[in-house]
Amino acid sequence: MSRRAVVLLFVLGGFLLVLPKIANPYLLSVATLILYLAYTGQAWNVMMGFAGQLSLGHSLYVGVGAYASAALFFHYGIGPWAGLWLSVALCVALGAAIGFLAFRFGISGVYFALLTIAFAEFTRVGFDHLQWTGGSGGLFLKVAQRDQIDLANFRGPPEMYYYAILFLTVAAFAACNLLLKSKAGYYWQAIRENEEAAQALGINTFRWKMLAVVISAAMTAVSGVFFAFYYNNLFPEQIFHISRSIEIILAPVIGGVGTLFGPILGATVLTVLSDSITELLAHFGWEVPGIKQVFYGVVLLLVIMFLPNGIWPALSRKLGLAK
Amino acid sequence: MLTVDRISKSFRGLKAVSGASFEVAQGSITALIGPNGAGKTTCFNMIAGVFPPDSGEITFDGRKIQGIRPDQVCVAGIGRTFQIVKPFAGLSVLDNVMVGSFLKEKTARGARAVAMEVLKKLRLDAKAELLASSLTLPDRKRLEVARALATRPKLLLLDEVMAGLRPTECDLMVEVFRDLNRADGLTIMLIEHVMRAVMALAHKVVVLHHGVIIAGGAPAEVVRNQAVLDCYLGEETEV
Chain X
-7 MSRRAVVLLF
3 VLGGFLLVLP
13 KIANPYLLSV
23 ATLILYLAYT
33 GQAWNVMMGF
43 AGQLSLGHSL
53 YVGVGAYASA
63 ALFFHYGIGP
73 WAGLWLSVAL
83 CVALGAAIGF
93 LAFRFGISGV
103 YFALLTIAFA
113 EFTRVGFDHL
123 QWTGGSGGLF
133 LKVAQRDQID
143 LANFRGPPEM
153 YYYAILFLTV
163 AAFAACNLLL
173 KSKAGYYWQA
183 IRENEEAAQA
193 LGINTFRWKM
203 LAVVISAAMT
213 AVSGVFFAFY
223 YNNLFPEQIF
233 HISRSIEIIL
243 APVIGGVGTL
253 FGPILGATVL
263 TVLSDSITEL
273 LAHFGWEVPG
283 IKQVFYGVVL
293 LLVIMFLPNG
303 IWPALSRKLG
313 LAK
Chain Z
6 MLTVDRISKS
16 FRGLKAVSGA
26 SFEVAQGSIT
36 ALIGPNGAGK
46 TTCFNMIAGV
56 FPPDSGEITF
66 DGRKIQGIRP
76 DQVCVAGIGR
86 TFQIVKPFAG
96 LSVLDNVMVG
106 SFLKEKTARG
116 ARAVAMEVLK
126 KLRLDAKAEL
136 LASSLTLPDR
146 KRLEVARALA
156 TRPKLLLLDE
166 VMAGLRPTEC
176 DLMVEVFRDL
186 NRADGLTIML
196 IEHVMRAVMA
206 LAHKVVVLHH
216 GVIIAGGAPA
226 EVVRNQAVLD
236 CYLGEETEV
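In order, the protein sequences belong to chains X and Z. Counted from 1, the first sequence has number 64 at position 72 by the working numbering; the numbering is strictly sequential. Whatever position you read off the second sequence (first residue = 1), add 5 for the working numbering.
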């Protein structure tokens, strides 16, 4: 990282830290959404961006992570700090199962992606019929007391959620930065670039791909826990839906797959622009349903056509941030 | 060091290699030559664990290695290059080689030091920061060698690394390998068509033709061997 990048990082960090003091509730909710997408995108990035394994079913881990800790809280009053471990354990087990099936039997590329979709889909159908978590009718957590912070149960005002997801995003960024510079990062990228050559250099590709899937699943599980306690309602039709998986990957794809800043930049660009457009149209009195999705599509097309590696690589070169 | 004992391999009924046996002595440079389609790369792939032989045994350092995975072969101490180069195109030259050196090094710092050392040997150190995809073919071939060397193998398998190089570049590579062999005691086995390199490097030449070994011995003897001349030039026929 260049000196300029470090300075910019500090400025950005400082801005994010004081944001709740200067932003109105609406802006704070937008910022929280951006960070949520950035964190989840970073988690997906470990699998696809670093190790080259395309998952189109990451909503599976968000959903299972969310439902596991939410159900524990709903039924037994067990807070998310304990529930988190169940969520992570379940998602790690699911990720390991999918990874084992795929990598053991040589399923790769699009077929691997299809497998990830399949798992997310049948889990969605399963939860539709699981009465313990409310079935298709949904699971609702009692909405938090907005003025007092109950850290033990992770209930509190929007500022608390904002700082929580900010912490997660920064931690994920730092962890990914370390991973990328370690043996794991090099091995993952080698597997992404050419698996056969990687294997010839003594890399047990099965083991390292499994590690990428498991880490990505665990990180995404945490994202699910946050989702459950922030939004307070869970519907299988929404949380496991493939459009959620697509939403997760849009930020890193637009920001730059495999880059550290890609997910954050992509999430910011997408959310800020799409919300501005919706607001702008509303200002003129036009309610256009689905305009957000149309906008996502247009941005995706433009990025694919003009910046196939995402916005971040081009931007960092322009700003002289790359080393 | 490496003993190949009567290995055979068929692809859908086509016998690519049948009953080939040869030995690579510790500290030697052995060349495997033969016309196109003789089964040289098939032999290499069996040694490197890409696929197991249908029958026969491969022993390396007193351990049977046939049928184990390519990464296990590499861990056992055999490095290889690919005939069709396979660089990690999106990574820098240095990062490419670091992937190799991570086999024996735990930290990035250690891996980087080993990689730079290897790059200097291959005279690629000036291009360390370039993307592998921006290299010319001769440089890519050198990168293949550097990456394999970075795993610190006891035996290096080279699959046509001289092909496509100009004579001066070829001499430079020969120099590098001779140096590795003499100074570091690296055992080398190479598949090669460029006879200039074979004659300059090899202590021993093994000739493969239609999957069968037809000759073996010192380079000067082998090039005078009638069977070898026949397979390269065609048999003399009475008119």
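Worth flagging that the hints you see were computed from the coordinates, not collected in a lab. Be careful, since some hints might not be right.
Straight line, CA to CA, 30 angstroms or less: simulated DSBU-like cross-link-like pairs of lysine-lysine [stated by the list, open to error]:
1. Z:109 - X:173
2. X:175 - Z:209
3. Z:69 - Z:91
4. Z:69 - Z:125
5. Z:111 - X:175
6. X:175 - Z:20
7. Z:69 - Z:159
8. X:175 - Z:126
Going through the hints against the structure:
no.: 1; hint: Z:109 - X:173; verdict: holds (17 angstroms)
no.: 2; hint: X:175 - Z:209; verdict: violated (38 angstroms)
no.: 3; hint: Z:69 - Z:91; verdict: holds (28 angstroms)
no.: 4; hint: Z:69 - Z:125; verdict: violated (34 angstroms)
no.: 5; hint: Z:111 - X:175; verdict: holds (7 angstroms)
no.: 6; hint: X:175 - Z:20; verdict: violated (41 angstroms)
no.: 7; hint: Z:69 - Z:159; verdict: holds (16 angstroms)
no.: 8; hint: X:175 - Z:126; verdict: holds (23 angstroms)
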